[in-house]
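Visitor: Please construct the entire structure, taking both the sequences and the accompanying hints into account.
Residue numbers for the sequence shown follow my numbering, so the first one is 1 and each next one is one higher.
In case anyone wonders, no lab produced these hints; they're calculated from the structure.
Everything numeric in this text was worked out from a predicted model, so none of it was measured.
Don't be surprised by glycine CBs; every beta carbon is placed ideally from N, CA and C.
Heads up, a few of these hints could be off.
Just the calculated beta-carbon pair ranges, DEER-fashion [stated by the list, open to error]:
#1 354 x 206: 51 to 61 Å
#2 409 x 67: 39 to 49 Å
#3 70 x 550: 24 to 34 Å
#4 348 x 205: 53 to 63 Å
#5 204 x 282: 28 to 38 Å
#6 411 x 455: 32 to 42 Å
#7 430 x 63: 15 to 25 Å
#8 455 x 279: 25 to 35 Å
#9 289 x 70: 51 to 61 Å
#10 205 x 347: 27 to 37 Å
#11 561 x 455: 20 to 30 Å
#12 206 x 406: 38 to 48 Å
#13 549 x 421: 38 to 48 Å
#14 549 x 203: 42 to 52 Å
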Amino acid sequence: MGHTRSHTPVPDGPEEVPFVGDLPTFDTRANTDVFHIAHDSPLLSRSPSPAPSVGPHRPWYNRPSPLWLLPLTIIGALLMAATIAPRQELYIRLVCNELRPEYILLPPPAVVSLGADIPNDPQTPIYIPPPAPPNRPAINIPGPNKMCTSDPGVLAASAKLQTALTTSMGLSDRIGRTRVLAIAALGILFTDAVLILVAFYADMLPGGYRFLIVGNIIDGALGGWTTSMAISHAYVSDTVAPAARSRTFSYFTGALFCGMAVGPTLGALVTQYTNDLLTVFYIGTGLHIFYAIFSIFIVPESLDLKARTTATELYKANQDPSATWFTHIKHTVSTFARPLVVFLPHKRPRGKGRDWSLTWVGISFASSMLNMGSYTFKFQYAIAQFGWGTTELGYWMTTMGASRAVHLLILLPLILRGLQRVYRGKRHTYVDLFVARLSLAMEFVGYIVMAITTNIPLFAITTCWMSFGGGFGPSVQSIALALSQDQAADKRTAGDSSTPEYDSTSKSATPSSPSENGTLFGALSVLQAISSQIVGPSLFGLVFVKTISSAPHAIFWTSAGCIIISLFALGMVGLKKEEAVRAEGLDEESPLI
Numbered sequence: 001m002g003h004t005r006s007h008t009p010v011p012d013g014p015e016e017v018p019f020v021g022d023l024p025t026f027d028t029r030a031n032t033d034v035f036h037i038a039h040d041s042p043l044l045s046r047s048p049s050p051a052p053s054v055g056p057h058r059p060w061y062n063r064p065s066p067l068w069l070l071p072l073t074i075i076g077a078l079l080m081a082a083t084i085a086p087r088q089e090l091y092i093r094l095v096c097n098e099l100r101p102e103y104i105l106l107p108p109p110a111v112v113s114l115g116a117d118i119p120n121d122p123q124t125p126i127y128i129p130p131p132a133p134p135n136r137p138a139i140n141i142p143g144p145n146k147m148c149t150s151d152p153g154v155l156a157a158s159a160k161l162q163t164a165l166t167t168s169m170g171l172s173d174r175i176g177r178t179r180v181l182a183i184a185a186l187g188i189l190f191t192d193a194v195l196i197l198v199a200f201y202a203d204m205l206p207g208g209y210r211f212l213i214v215g216n217i218i219d220g221a222l223g224g225w226t227t228s229m230a231i232s233h234a235y236v237s238d239t240v241a242p243a244a245r246s247r248t249f250s251y252f253t254g255a256l257f258c259g260m261a262v263g264p265t266l267g268a269l270v271t272q273y274t275n276d277l278l279t280v281f282y283i284g285t286g287l288h289i290f291y292a293i294f295s296i297f298i299v300p301e302s303l304d305l306k307a308r309t310t311a312t313e314l315y316k317a318n319q320d321p322s323a324t325w326f327t328h329i330k331h332t333v334s335t336f337a338r339p340l341v342v343f344l345p346h347k348r349p350r351g352k353g354r355d356w357s358l359t360w361v362g363i364s365f366a367s368s369m370l371n372m373g374s375y376t377f378k379f380q381y382a383i384a385q386f387g388w389g390t391t392e393l394g395y396w397m398t399t400m401g402a403s404r405a406v407h408l409l410i411l412l413p414l415i416l417r418g419l420q421r422v423y424r425g426k427r428h429t430y431v432d433l434f435v436a437r438l439s440l441a442m443e444f445v446g447y448i449v450m451a452i453t454t455n456i457p458l459f460a461i462t463t464c465w466m467s468f469g470g471g472f473g474p475s476v477q478s479i480a481l482a483l484s485q486d487q488a489a490d491k492r493t494a495g496d497s498s499t500p501e502y503d504s505t506s507k508s509a510t511p512s513s514p515s516e517n518g519t520l521f522g523a524l525s526v527l528q529a530i531s532s533q534i535v536g537p538s539l540f541g542l543v544f545v546k547t548i549s550s551a552p553h554a555i556f557w558t559s560a561g562c563i564i565i566s567l568f569a570l571g572m573v574g575l576k577k578e579e580a581v582r583a584e585g586l587d588e589e590s591p592l593i
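Guide: The following block contains the structure:
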């Protein structure tokens, strides 16, 4: 794919593994190592400066740098967060317009001014113009009354719609990073354009409000938000030296959370000022067009023509000219699921049974990611339970985003520094495992409180409390990476014990390489995609639809159940003892967070 693999030891020390959080998508596969590039790759130099292929002789405006993508990341996160609350209310109103048209508040009848034109003769007929037919239900404020947001049938239909939308959403090495960024932006643009179209012409489109699914299908086919973030990670990997990647990714994480924190309040203020739910989508459409144009014509490409040509030739060489459509489908499915092989239990060296630790980590990660598919239904719960509108939702989401940003960027690093002093001399995975378990425990307590309370201040405080569960994602990825490296060491041990010493080629065939890390992150991305975009929305959508009229708190009990499963799986994880680690010399990696 244009990357070279080298097993030559690097004198500058071990490579830092970038913190990728919850952002990678399932397009990051085993054979597309976008998170790491070999140290001797022509795409990357050992210095902090960009790669030789994009050397210093190029002018600054044509030189790839992560700074080009930083404003795009802020804009993308801000737009995504700004449209969440209006989108929730808009879905409910579209459904209400079709299912409960009697709830629509029509404007008062016009007052007919007759004035001095009234004839004195009572027998003279007077022409009174007929009332104008009511316009298409306006998607503005106040719009439908509170009966829409408290009607179980409307909320259930809206939940079904969002389940279908989220599930339907579920190249860069060959055509370049910037083009894929533009394509992903166009996918999001299609989603907003279809939503605006449905808002005005729902009664004329096939399926009515269900036509929204078309926009999400296009968005999913073109990659959408998650793909644009993953390609941004690949762009950074192309242009930043390994030692500086973690710091660069932390900047992107901070930019992401800043956008997520400011976006909801900004969207609420725009909606309140313009008195129109669609205004924020007009702005989003224009900015996504700017995003696509900026990506294609302004942002310098990080992969040179030689690297893209090599990747294209390799892709064509792997294609079977005699393959049928069934073969292509089978290959697509197998390619999607191939990274999950890393989670299968492997045999320990010298016949000590199987090691299930990485399998349990995968189960814990997948179970926790299920809750990501519940957010839209929890927003609907707040609308139905507390009578919140776009403004209240925006302020609430801003508070949640700000608290999570403060925790991840300020509090968690300080907590980790203190824990490293407590666990001084031990492998960093012990700290990561403790943080992951503590984060899950805090989330569990939060979901229990949310399930039993109807007090608005306590509900809001609890959602801020749950930001302390944000340490689970990076911690569990660090644990998975350490366990994956342990497995690679076990394989080398087994290979050395069964191979003659003079066979030097077999010894160098299995060292831990960036490709193994890429395979692991690809597997985590597949798990996240399946859990958060397919299984999660289906599970929580079904629970919400079935219980909204009788037990609306059921979605929080379901979330608590997912956390219990995740905690149990994480409790089954066993780390290598310190003596074994020191003997094998494997404890060279640094924590991801």
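Visitor: Against this structure, judge whether each hint is valid.
Guide: Comparing the hints with the structure gives:
1. 354 x 206: 51 to 61 Å: Hint holds: Cβ distance 53 Å, inside 51 to 61 Å.
2. 409 x 67: 39 to 49 Å: violated (19 Å)
3. 70 x 550: 24 to 34 Å: At roughly 48 Å between Cβ atoms, residue 550 and residue 70 fall outside 24 to 34 Å, so the hint is violated.
4. 348 x 205: 53 to 63 Å: holds (59 Å)
5. 204 x 282: 28 to 38 Å: violated (20 Å)
6. 411 x 455: 32 to 42 Å: Roughly 26 Å apart at Cβ, these two residues miss the hinted range, so it is violated.
7. 430 x 63: 15 to 25 Å: violated (42 Å)
8. 455 x 279: 25 to 35 Å: Given about 33 Å between the Cβ atoms, the range holds.
9. 289 x 70: 51 to 61 Å: violated (20 Å)
10. 205 x 347: 27 to 37 Å: violated (57 Å)
11. 561 x 455: 20 to 30 Å: Given a distance of about 23 Å, which is inside 20 to 30 Å, the answer is holds.
12. 206 x 406: 38 to 48 Å: holds (46 Å)
13. 549 x 421: 38 to 48 Å: Hint violated: Cβ distance 52 Å, outside 38 to 48 Å.
14. 549 x 203: 42 to 52 Å: violated (27 Å)
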